[in-house]
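K.L.:
For the record, the sequence lines run as chains A and B. Read the first sequence against my numbering and you will find it ends at 608, with the numbers running on by one and no gaps. Read the second sequence against my numbering and you will find it ends at 434, with the numbers running on by one and no gaps.
Since the hints were derived computationally from the structure, they do not count as laboratory data. Note that beta-carbon positions come from the ideal geometry of N, C-alpha and C, so glycine has one too. It is possible that part of the hints are untrue.
Restraint ranges, calculated between C-beta atoms of paired labels, are given here [unchecked claim]: (1) ASP288(B) / TRP309(A): 21 to 31 angstroms; (2) SER403(B) / PRO572(A): 49 to 59 angstroms; (3) LYS291(B) / GLU454(A): 45 to 55 angstroms.
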Amino acid sequence: MREILISAKTISVIKKVFREYYFNESKAIEEPLKIEQREFGYMHFGQTGMLRHLSFKSMKELDAMLVREAPSDVYCSNAYYRFPTQQPMQEKQWLGADLIFDIDGKDLGMPCVPSHSYSVCINCGYVSSPPPERGEERSSYSCPSCGCKKADHVSIPCSKCIDGSKKEARRLMDFLLADIGVERSAINIYFSGNNGFHVHINDDACTSLDSQARSDLVGYLSGTGLMLESIGIRKTNTEDLFSIKFPKSGLTYGWRRRIAEKLKIDMTSAIKLKNIVNQNGGYSAFKVELDRLAKDMGVRIDPQVTTDVHRVFRMPGTLNSKSGLSKTKSNDLYSFDPFVDACLLGDGKLSVRVKTPVKLKLKRNSFNISKESAEMPAYAAVYLMCKGLAEAN
Amino acid sequence: MAGSDLAKYPFLNEAGEYLRESSFGWEELDRPDMKYIIDRAAERIEIEVDGKMIYDNLERYEIEILTFLISLVIVKSIGIDQVLRKFALAEARRAEKFLTEDLRKQSEIKRRSVFTKIFEDLFKLKIVISEDQRLFKVRVVDYVARASHFHEQEWKLINRLVHNGYVYLDADETVRLIRNELSVLIYDKVKGMTLPILPQGIKSKADQLRPKLLSRYEWRGSAGVTDYPPCIKHALEVMNRGDNLPHSARVMLATYMLAIGKPVDEIVLMFENAPDFNEKITRYQVEHLSGMKGSRTKYSVPSCDKLRNENLCFATAECDSIINPVQFGRRKKK
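Here chain A stands alone, though its shape is the one from the complex (with noise of 0.2 angstroms):
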């Protein structure tokens, strides 16, 4: 959760062009399906937690509170209840929810990451530059400014960090296509708003699962609990001594397909295999390696989004307190570009204080500040706002 202080006047230029987005965009906002079952959630800029447990029963209603109270971000849940707004949540009836996915660029460990980022102090608003780097380093922040030991790590991302999440979007759909059987038509990708993508699966077979359905699913999709008796090598009761018995049903699909592709075996190949498990140093520590295998070939996706029943999670064409982006529906996404396509606020000019020098592309337009006084189009001014990297003047 977003932790930097944001000053009252800027909260308040922010908030006036969210509204203006949310009056003049209405047709962005995707009505979830079967709208009354929902639960709905929302923020307020400058304010934590979340205002939970409403319902909405049609658009009109949901428009009419985004235009009142031009919230930070706006989220729907992937349950359907019986009765949205009762709590605790057991009172609510569950009565099944969408499967969802979310890919976060910060997961990914892109090595760019930090030639974008910043450290914003949470006390008073400073930014440095880069920021420390994860782990230790990272702990013993310490403003330049004010001394507070703590800072929130913002990240711009570049085209790299995005390629990156498109390229675990387009596995993960590689997965639900080619293995699990969904169908293609059933299967929205969307940008998140900030730095990632965000998968619903429209599929009523689905809904019904529980945690424990989902988080199998999750297992298999990021390649967790791969046992080395699936691919054909098997312990034997003595210590890391193992035999190789390919499994009756083969290697030709799925997960043995990958790791046969990745080890070039088959099912002839059972000498081949042991010398494989015995170059690696034996049977636990080749298990070691193809848990390593796996999970590099896997998808890496938030486990914690997809087995929550109950989430509430962004809603399709709000705008995102991160960025100012919108979450927005990628129909194809090789040609979908986050910066254009979910870049959707006006071109109003809007005068800010810049608090570091600063790049970004926005709407196919760049811009490159280094004076601390600038004026720029609503979006741009925006975008940097909500980042903490800048403040209305």
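Position chain B against the provided structure of chain A, taking the given hints into account.
P.N.:
Same frame as chain A, but now just chain B:
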């Protein structure tokens, strides 16, 4: 469906239709020649509740259908839920054995008819015979809905052959998928029965069996059970129903029982209703938790905080301010 199928699968609707068509009436159960069937039903219950063997004697289907019906009536009349759970699970295992054999031996047409009937009609589970006819295919979604509740790693989807929306399984695996549902089906059949005034032969058989079977469940008697904290009571209830208990709840149950000094043998028995119960594995696991096996570390009972996080806490006012389930017992004993 052939008569021999009804003998193996007497829970199918066709078996009920056979009884209706033959104008079967309760009064017939008092006929002397019915004694054989009543004795057979009692024997079936005893063997099945004992859980060590599968009752797989097969007679003419007319006898099998009646034996099954009478065993349901006796179990209902005995009125002990644990007996019913155990019986339902054993009946599921019996059907599972026959189904597996049928799938392995019979021609494709036969396979298909058995499958369509049992899997699709009763459990809404569509089974397709694989292209090379050696394996069976179930939809990925149907598979994970069932197998994700099994504990063994080999049942994880990633360890199955998955292609184009289907999971490929052999006969044993396909049948194992529905064991729980078969058991629930039989449990519900008995639960939903309304007993008429029972013929004397059945009533006396039930009265004879009740104390015998009750003694098996003495450790679950009221004195012990009321002293357990609600989280443990809940886990025992789930286990006694024959439902699946998550791994974390099993650890809680076993460590708690070890902490209050229950012998390993008794603890192992508490898990015998688990759908995936295997005495050898359970014993090893309980001994592992007790520090007798493996790492030799004695595991402590998870704290109330941890149990709350894992949704295993069912606190009542009696829990007061304890921070670990073992304190519940101690506090009450004072």
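K.L.:
Using the Cβ atoms, figure out if ASP288(B) sits within 21 to 31 angstroms of TRP309(A).
P.N.:
Taking Cβ atoms as reference, ASP288(B) and TRP309(A) lie about 22 angstroms apart, which means the hint holds.
K.L.:
With respect to the beta-carbon atoms only, verify the hint that SER403(B) and PRO572(A) lie 49 to 59 angstroms apart.
P.N.:
holds (51 angstroms)
K.L.:
Honestly, do LYS291(B) and GLU454(A) meet the 45 to 55 angstroms range at C-beta?
P.N.:
holds (49 angstroms)
In summary, this structure violates none of the numbered hints.
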